[in-house]
Amino acid sequence: MASVTGDGSAAGRSVTGTVVRAMAREEWRLHSALFGGRRFAAFPGFIALAGAGAVWLLVWSGTTPATIVGWLHLLVLAFGLYTGSAALVGRDAIRNLLGDVTLVVFSARTLPVSERRLLAAFLVKDVAYYAGLFLVPLAVAYAPAAAAAGTLARLPLLWLTLVLTFVVGLVLTFAAIAARSRGTSGTVVLVAGAVLVGLAWAAGVDPLSFLPAGLYRDPGSLAPYAGLVLTAGLAVVALAAFDPTYESPSRTADAQLGRWRRRLRYDPNGLLAKSLLDVGRSSGGFGKVVFSGGVLFAVTAALVGLAGTITGTTPSTGLSFGAVLGLSSFTTYNWLTQFDDLEAYLAYPLSTAAVFEAKFRAFLVLGLPTVLAFYLLAVVVWGATVPVTLAGAVLLVGLSVYLFGLTVALAGLDPNEFLFDTVRFAAFTLGAAVPLVPVLVVAFVLAPTTGWLVGLSAAGVALGAVGVGLFRWSVPRWAARYRAG
Amino acid sequence: MSAIRAEAVSKSFGDVAALRGLSLSVDAGELFGLLGPNGAGKTTTIRILTGQLVPDAGEVSVLGVDPVTEPVEVRCRIGVLPEQASPPSFLTPREYFDFVGTVRDLDDDVVAERVDGWTDRLAFAEQLDTLNTDLSRGQQQKVMITATFLHEPAVVFIDEPLVNLDPIVQERVKRFLAAYVEAGNAIFLSTHHIEVAEALCTHVGVVREGRLVAEREPAALAPDESLLDLFLAEVEGSA
Chain V
1 MASVTGDGSA AGRSVTGTVV RAMAREEWRL HSALFGGRRF AAFPGFIALA GAGAVWLLVW
61 SGTTPATIVG WLHLLVLAFG LYTGSAALVG RDAIRNLLGD VTLVVFSART LPVSERRLLA
121 AFLVKDVAYY AGLFLVPLAV AYAPAAAAAG TLARLPLLWL TLVLTFVVGL VLTFAAIAAR
181 SRGTSGTVVL VAGAVLVGLA WAAGVDPLSF LPAGLYRDPG SLAPYAGLVL TAGLAVVALA
241 AFDPTYESPS RTADAQLGRW RRRLRYDPNG LLAKSLLDVG RSSGGFGKVV FSGGVLFAVT
301 AALVGLAGTI TGTTPSTGLS FGAVLGLSSF TTYNWLTQFD DLEAYLAYPL STAAVFEAKF
361 RAFLVLGLPT VLAFYLLAVV VWGATVPVTL AGAVLLVGLS VYLFGLTVAL AGLDPNEFLF
421 DTVRFAAFTL GAAVPLVPVL VVAFVLAPTT GWLVGLSAAG VALGAVGVGL FRWSVPRWAA
481 RYRAG
Chain W
1 MSAIRAEAVS KSFGDVAALR GLSLSVDAGE LFGLLGPNGA GKTTTIRILT GQLVPDAGEV
61 SVLGVDPVTE PVEVRCRIGV LPEQASPPSF LTPREYFDFV GTVRDLDDDV VAERVDGWTD
121 RLAFAEQLDT LNTDLSRGQQ QKVMITATFL HEPAVVFIDE PLVNLDPIVQ ERVKRFLAAY
181 VEAGNAIFLS THHIEVAEAL CTHVGVVREG RLVAEREPAA LAPDESLLDL FLAEVEGSA
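Read top to bottom, the protein sequences are chains V and W.
Residue 92 in the working numbering is what sits at position 92 of the first sequence, and the numbering runs on without skipping anything.
Residue 17 in the working numbering is what sits at position 17 of the second sequence, and the numbering runs on without skipping anything.
The following block holds chain V by itself, in its conformation from the complex (with noise of 0.2 Å):
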């Protein structure tokens, strides 16, 4: 009989395509458990809707196609860096979302099936997976776009370079994977690579020009295929050396639950501290809130860049910051809740809003001092002036809370819900944009008078209102949807 385990027979590849296949069912059938096969269903016609809005505002703006086309490419490859790492190292908060689940690509101990054989079809069936949920609408999106520029023809190409650049994502998050697995730490693959990067950059070869995107820009150039190869190559090695059986050491703490709990004050049931110390224990420490903040914060700075080259007036950095790193609300709240369920505590004499509270505090403790830590950052590098940093700071503080608010009435304790729920991802993202948008044009195109700054920080102050008044609405009727079954 013909072996199953990676001997490449025919045999062999046809083991290969029903894993793939089973993969794939398993994919969706996990997102439709998530969040429902119709809506999950309906989340590509959405990226396509709103990808085409964002581009046409772009457009409108006078953003020139070069540079959608490179934000695409720096998205999709911030994705499949995600997607590794949430697929393979996100086991603990697949297993909270939806009890113990036992996926494929970790059934090697109980299939005849090699562990590289299945890693390797879990690879492909992410690629063709998301190539086709993902990118087809996301190239779709820039339909309109190409269209101005009469570059409709080359849209399969775009397809086909944001597919590359989300096998890049996925190979250098199981290259780091795979390194982890051999004991190297995360730290020391992140501090390579960007020594790597930096060392190139040095010897004045840009790496960025090894990216599938200059595959868009110039089909004749040679960097891109380097790329192409230097990850295939890196995708083999991973491969080869990946230690399956690799397990992390036995980690033991000191009794830190009691000390943190006096110390935060108000903590009655002991949940704040319990829920501070599941984020800075889990992989990535307080570091993954700090990371969270770091990418709008870079996003922010991109986008006040990009705003004075089109507007040629300097955006307001306090009014500017003070809007977007209210965002990281949702990121914040979706650490914070990753790592219990609600279930759990159903065994305890606590309520389930007395859960909701402590995430509340929780939030407050974590969310807001970080996000207030980036904004000073920008004061300091940017500048502005003390009236403008005191009304940035409350409208900073006033959106985080109002988009915590509207997290919580949107999602409950399960805010990852969001990802590929179309309906609440619809109503957040409007629930976003409403005030989103008028501070965002006022900072990026107004010269901020004290009307407006006195306006905006009593904008903020009831948008904190609205947010608080949001959590306290939906609370109870989260409490009786939970118990209702």
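Ranges between beta-carbon positions, derived for each pair: (1) W/A219 / V/A41: 52 to 62 Å; (2) V/P268 / W/A154: 17 to 27 Å; (3) V/W201 / W/V163: 49 to 59 Å; (4) W/E113 / V/L234: 54 to 64 Å.
Rather than coming from a laboratory, the hints here were simulated on the basis of the structure.
Note that the structure is predicted; figures quoted are calculated from it, not measured.
Even for Gly, the Cβ is constructed at its ideal location relative to N, Cα and C.
Position chain W against the provided structure of chain V, taking the given hints into account.
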């Protein structure tokens, strides 16, 4: 007064009827075992009795308190060990017991003394400072059992108490449970292990398709009767 009482309880999830008029009663000093095939409604029954779910119809009370209207009050008085539950991943067992003690308003000294007793009984003192996520399933189950009994509740609900435990620890847990009900407490046990129910329970009920279809006292079974036969007759006989 019954320690646990359910009267004509029904619960559906969409089109699926999990419970269809289930009634039962458990007195203090009883170890009640609920047996049934997969999907018969055992876990739903426990979740309703512990105030985690609201029934569509029927009445329930635990220690004279209604879990529907006063779920937190009920959970103050009882212990709950859900099926396949694991302790919070990023706390150590010592921190978890501190957390449970805080939530249940127990003095630190009382928690420390009872944890000492349980770590001796279940042999896991060396794992007290290891993150729960890094414990084996069996060690996690020991932590969960300790947390369930930490406040010495008058009523305890347990879903598969012996799962993942080695035979020595299983024996110790069985002896503890028997002594616990002898002291006048009530235990509501859900299990698939008929031999466990036969050895431990003072009273057994078989649930099928959301209804209690049979009740027996294992000690009162005739020499030619067994719980397994009863179970098979009630479940398979009607299939």
